[in-house]
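Residue numbers (our numbering), protein chains in the order written: chain A, 17 to 150; chain B, 17 to 150.
Please keep in mind that the hints were generated in silico from the structure rather than gathered at the bench.
The structure presented is a predicted model; accordingly, all values stated were derived computationally and were not measured.
Wrong hints could be hidden among the right ones.
Put simply, identical chains are the same to the list, so a pair is met inside one copy or across any two.
Here are the computed lysine to aspartate or glutamate pairs in the EDC-like style, where the Cα-Cα straight-line distance is at most 20 Å [to be verified]:
(1) K38 <-> E119
(2) K25 <-> E81
(3) K38 <-> E109
(4) K25 <-> E64
(5) K102 <-> E77
(6) K25 <-> D54
(7) K124 <-> D54
(8) K102 <-> E119
(9) K38 <-> D59
(10) K38 <-> E129
If you want the building blocks of each chain, they are given just below.
Number of protein chains: 2
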Amino acid sequence: MTIRQVSEKYGISQDTLRYYEKMGMIPPVTRTAGGIRDYQESDLGWVELAICLRNAGMSVEAMVEYVRLHRQGDSTMRARLELLQKQRQAIVERRERIDHALERLDHKIHIYEEAVENGELTWGQNCSKENGGK
Amino acid sequence: MTIRQVSEKYGISQDTLRYYEKMGMIPPVTRTAGGIRDYQESDLGWVELAICLRNAGMSVEAMVEYVRLHRQGDSTMRARLELLQKQRQAIVERRERIDHALERLDHKIHIYEEAVENGELTWGQNCSKENGGK
DNA sequence: CCTTGACTTGGAGTGGACTTAAAGAAGTAT
DNA sequence: ATACTTCTTTAAGTCCACTCCAAGTCAAGG
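Please put together the full structure from these sequences, using the hints given.
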């Protein structure tokens, strides 16, 4: 699979794919005799993982470290496990913050919906209180 | 409340608080006669809202727009409601991506835990398959 | 052989969100 | 009053994660 096809498959730019590889976020991609990237299944697996974890806000740096350990073989398994657990924790915290914001936003939206329905004017003095929830 | 106290209360730097205000992410903060920031309850409400929504990944730009509308009064209520709904949607999508990554991460962690328990070596050939679990 | 177009590289540029620096004014302790 | 701390401002700097560019290479069609 060419870089163009991979780029289209995952909706990510070719530049970004090259960037991921250059940084070491994924191991070196398989090449043709002429040196052109020819993504194999395993390469795609890494690309998918990278996209997935980046989507969750994991840093490039952490991914690079994970790949570095991975390439050093079985002896780094424990270290990799710890890295993943730590990242998991960070992601869980991110989700908690998102949930918190969503609750707040939903509350606000609810108030606005009522206000808009009731003629947009029944709110006046409350307006200054803004963000009163909780 | 001084900027220092607010900074400590929310674990955010004084610089960031001034930055938020300068950008218009929060309305102008109350000042003393000498021009020094003296945060009132309502100012704190805005700060909290800003921190909360930034934590969820909402952009500075969107918050600025919201505040801008808010300061224009009741006539912008519908526009604000739409803005909030749109942001809500974006945040929900962010959470979905996070959930997806968490599932994947948990699967991976599970595999690593087993491998580490079983003596760190029972994995060998599987290693190349990496990320196989959908 | 020559052109076209997709690929290669290294390196510079961009955008968002802070963060730091520099210079000066105001409130507080002695 | 003098010194110290904490505030003020504007402007420049930093960090991250891309994103774009210039110059060059390679395979296929005419």
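Structure-based check of each hint:
1. K38 <-> E119: Classified as neither; 40 Å inside a copy, 27 Å across copies.
2. K25 <-> E81: neither (26 Å within a copy, 35 Å between copies)
3. K38 <-> E109: neither (29 Å within a copy, 29 Å between copies)
4. K25 <-> E64: The answer is within: 10 Å in one copy meets 20 Å, while 40 Å across copies does not.
5. K102 <-> E77: within (13 Å within a copy, 31 Å between copies)
6. K25 <-> D54: Answer is within; shortest intra-copy Cα gap is 14 Å, inter-copy 53 Å.
7. K124 <-> D54: neither (50 Å within a copy, 26 Å between copies)
8. K102 <-> E119: Between copies only: 15 Å across, 26 Å inside.
9. K38 <-> D59: This pair counts as within: shortest intra-copy Cα distance 14 Å, inter-copy 46 Å.
10. K38 <-> E129: neither (49 Å within a copy, 30 Å between copies)
This entry does not satisfy hints 1, 2, 3, 7 and 10, going by the numbered hints stated previously.
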